[in-house]
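With the hints as your guide, set chain B onto chain A.
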Amino acid sequence: MELFETWGLTVTVFLPVVGAVLLGFIKRDNEDSLKRTALLFAVLAFICSIVVVVAFDFGGTPYNTYQFEVNETWIGAINANYHVGVDGISLPLLVLSTFVMVLAVVYSWNHWEEPKNPKAFLILMLILATGMNGTFVALDLVLFFIFFEIVLLPMYFMIGIWGDKSPRKVPGFSKVFETRLYASIKFFLFTLFGSAFMLLGFLALYFESGDHGERTFDITQLTDLGASGAFAGWSVAGWVFAAMFLGFAVKVPMWPLHTWLPDAHTAAPTVGSVLLAAILLKLGSYGFIRISLPILPDEAVAWAPWIAILAVIGIIYGSLACLAQTDMKRLIAFSSVGHMGFVMLGIATMTDIGINASVIGMVAHGLITGLLFFLAGSMSHRYHTREMARLGGNIKLMPVIGGILAFTAMASLGLPGLAGFWGEFMSLVASYNPLEGLSLGVFRTSMVLGAIGTVLTAGYMLWMLQRVNLGEPNAEWDDHEFHDADRFELAAWVPLIVLIVVIGFYPKVIFNSTTDAVTSMVEMVFGTDTTTASLTTTVKGG
Amino acid sequence: MITAINHLAILAAEEGGHVEITAGDGGFWGETAWIMLVLPFVAFLAILAFGKRLKNQGGEIAVAALAINLVWAGALFLLNMTEGVLDTSHTFEIGRIGGNLVFELGWTLDGLAIMMYFLVNFVGLLVFIYALGYMKGDVRLPWFFAAFSLFAGAMLVLVAAPNLVQLIIGWEGVGLASYFLIGFYWEDLENVKAGNKAFMVNKVADVGLILGAVILGVTLGSFDFAVLDLAAVEHNEALGAVAVVAGALLFFGAMGKSAQFPLHIWLPDAMAGPTPVSALMHAATMVTAGVYLMARTFPLYQNFLVESVRPWMVAIGAITLFAIGLLALVANDIKKVLAYSTVSQLGYMMTAVAAGGYTAGLFHLFTHAFFKALLFLGAGSVIHAVHSNDMTDMGGLRKHMPTTFWTFIIGSAALAGIFPLAGFWSKDEILAVLNYEGYVAVMWIAVAGAFVTAFYMTRCVALTFFGTYKGHAHPHESPRIMAWPLIGLAIPSVLFGLFNIPGVDWPGISNFTTWLGVRVAPMGDHHPESIEITLAIIGSVAAILGVVLGWLIWGKDRDTQRERDWFKVPALYPLLRGKYYLDDVAMGIVGGTMGPVARFVNWTNTYIFDGIVNAVGGATKYLGGWVYNGLDQRGVDGVFNGLSAAADSAGSSLRKLQTGKVQQYASGFVAGALILVLLFVFVI
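Residue numbers (this note's numbering), protein chains in the order written: chain A, 314 to 855; chain B, 6 to 689.
One thing to keep in mind: the hints can contain errors.
Said to hold, decoys possible - Simulated coverage check for chain A against chain B, where a stretch passes if three residues somewhere in it have a Cβ under 8 Å from a Cβ of chain B:
hint, segment
1, 738–752
2, 755–766
3, 810–821
Honestly, the hints are just simulated from the structure, not real lab data. Heads up, the beta-carbon is just placed ideally off N, CA and C, and yes, glycines get one too.
Okay, chain A solo, but in the shape it has when bound:
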């Protein structure tokens, strides 16, 4: 166990990439061994993360203390270290990441999109896994940045090579592009654009930290500095926050930096969409919580109303855009803009309730939207179209897939009792009473608009069900034989369904991990215990 204390996270992070290397030695046409090896390593990484959970001390250690911590000198010249660790905030996300990866490999088993080539695809997936896992445990800005960027390449190739080949007319260009090319390049450049600024922000922090001791990229040290107010009088702190904001906001994505997302999601192969929705988007919101807030708390507070406004615009805008979609996958993609709006609204309140809301919102969105993309993929695999006008009566043709789609749509619209509810509800709770000093006008308006957003969300989800699932099937499918969900699909989906229900009825599985870390973070960083300050508990009887 002691060995695991030091090596656990490293193994969790790098097992997949080891798997990827091994896959390189397996012959391309030996599909079975390729798949088994990939699955083995994905499962091993998942098991490691579960061991981390089991051995994790949920005893309420103060913020900025990490478990399974490793801190080794890496690039001495710039004082960049191999520093990894988990706390209650990153733990659920790490498990989500390893977990969804296993399901993605299982699902891939017999779902290869053209041009197939399982070997290359699996290698990319495993590299992606390392990048995602790594981002959630990195405690050094350089390390974080590298993991954050590693993720880009495999996803870029997944979209660009296995993506949608239909032609796409881009307004303002005479040339017609292939959808996958347009989408993949847009995704890559957009994210890179944000990352460049983010890196800039990291470097600025590095140099500035020199004024308070040795220059460092270390997140824990920078957090200590930030929380103690060392960066308070820093003249360019606002710009630094803005630079990091760009990097994270593109990834989330926040309105109006979201336009890469519908294209990337729609064009990506099924597994790509799933991973993109389930994990990649969370890298951005996680960055806000882990880096922006604790290190530059004053700037975060100053920016909070703007973040809230953008988040709420995202909720309303994303939902309205969904109502105009004709492509099922694109509709689901746009729904992410709205849902991540709730996650960001929670963060913007800078309270323990809000940040807890955002973490459970991230997990829920990962499970639910991931499942929706699985379903959309399986359906377009069968119908060879995603146009909702041509679908309809799906539940009659494929009762199992249709039933799961109905369930997931309900989860996505935030039905209480399912996972999606808590993040939305608690974001609204937090918005009613944001961190002391934040504009009540802005946040309470956000609360009302956010609540209205849930109505729009229900609207487009029901409308999607009406067009896709219900009614009589379109006459063009009369002669088609459809096979309902196969065992690989079910193996990938059922665990998601179970978790959506379990978290819905017992959100403690997430809060148990997050609440102490978040509460002590808010105390440490913003200097107030917001819950107790704003809530006066009356007698609890008995």
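Same frame as chain A, but now just chain B:
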């Protein structure tokens, strides 16, 4: 597992026994009442898993679950009748944020909750049994019974809720089941749209419920009803500051579920679901959830909002009970008649609770559940026999289906408020409360509503059961499995009004008022000491007038009931037939604005936000070309190489992607970052 005793009980005890606590705690039945909440969900899963293989397609599982539930509900109901059950709630924590924000699930044991347990399980069981016969041979039976069980479970979660969060979970759960069952015949998109309408109207109202809950929860630091009650009774200042807003928001939520004007528009459309669904959900139980919520949070309204929010609530309830009742006069679909009637009766309940008549409103909720479920099941029996919903296809059915006829007569009379049936007593109590609380004008509206109720029910009975049969099927009495539930509901429709005769304290079981919990927690509402004869007579005269007038119009001249043109008053008749055009206006506004707005948003996405992105991409590519050809080739190197490479790779990558030369990106990226770093370091 924590046991919390309702603070009102503590308060009552502390204040030196204004009220003597004589109640028990429900004992074994109270401890294990969670079984009622769990069983329907177990049934739901079991039916989905292997309902198909069973003889009744899973119906037996659904019935068994509710039968077992009824044992618990019945035991608790009896305990509460005889010795009373103390206000307690059993809860367990499902989530905790920081020190104070706690989410809990659990079950409440007090008069109100126990009354609802009994109601839901008793009516539910009879309707489920009825459905075994009614739905026989229909499509997707396992799904029907599964969704029906899901409803029962969610409804019990709702009424058992010790806090607002659990209430919301149950609240939206029943909404979900309602959506599923309204759209049960989803091959027809009209039914799907009816389900969508129900869900969406309720979702709009739920904004009120959720925001109200948020405000109360944050203000009090707890979502518990017990905490809310205590704060209200103690006139807590923080609560007082938000009471008006929170109370109005909660009421808005209640308006949706309990179909109050103008949010009632979903309920008539909800009749698209199978008739047992209409009986149980859209008449007897689910739609009363809003009234239930107003009762659950009664102390908030009673202590803070008597002057501010309540008059509005009474007004909305009064409009609902009268104006929507009128619509039942012109409907030809027998289920629509009953649906409008339900809306109207919900108006009565809401008016009563809003006026301060806690017991009166809930008593009407209680009696109404039996006779309205009975009427719906009777209508279902008729529809089953004649294969049509349209009353103009019926007539003369009393000879063909005597059981249905007589039970329907009982239900109609109870609904119309004919002495001494259940509806008479509960309606009379509402009139008394309105009178006592000073809402005299509203009381007269309620009297007029009683007239209208009797009037349209007489029309309904006359068109359906009297005259000559005008349809084409061969009507027959329904099988016993459907007839017995009718009788099972007819008995309480006759008798249960006697439970709350003002001033009467039945030996051993006391009365409904006491069951609701005055043993432990006085709600501060008015309980008349004895029956008010004047009001009883006024109400009865109105009802009898309605019956007589209805009979004069539709009962006589039985064969030509169709041609009642002289009744069709110009202007008024089209207005009523058009449902006051509310549906058209609402749908017109939603349909007319949402589509264009959504398309506009999508347009901005494609042409503005994406347009900017594409323009930047295009411009960069152009710039790259210009830099490369114009500058780089003329010998400028250094950092500009990097810039050029970045820009060029961005542009040319469209071509080169398939060759996978990602190193170009990498170099561009590194170079670009380098420039920025250098700029940064040197500039700052």
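Right, here's what the structure says about each hint:
1. Counting residues of the segment 738–752 of chain A whose C-beta sits closer than 8 Å to any C-beta of chain B gives 6, which meets the bar of three, so the coverage hint holds.
2. With 4 residues carrying a beta carbon less than 8 Å from a beta carbon of chain B, the segment 755–766 of chain A meets the three-residue requirement, and the given coverage holds.
3. A count of 4 residues in the segment 810–821 of chain A with a Cβ less than 8 Å from any Cβ of chain B is obtained; the coverage claim is therefore met, three being the minimum.
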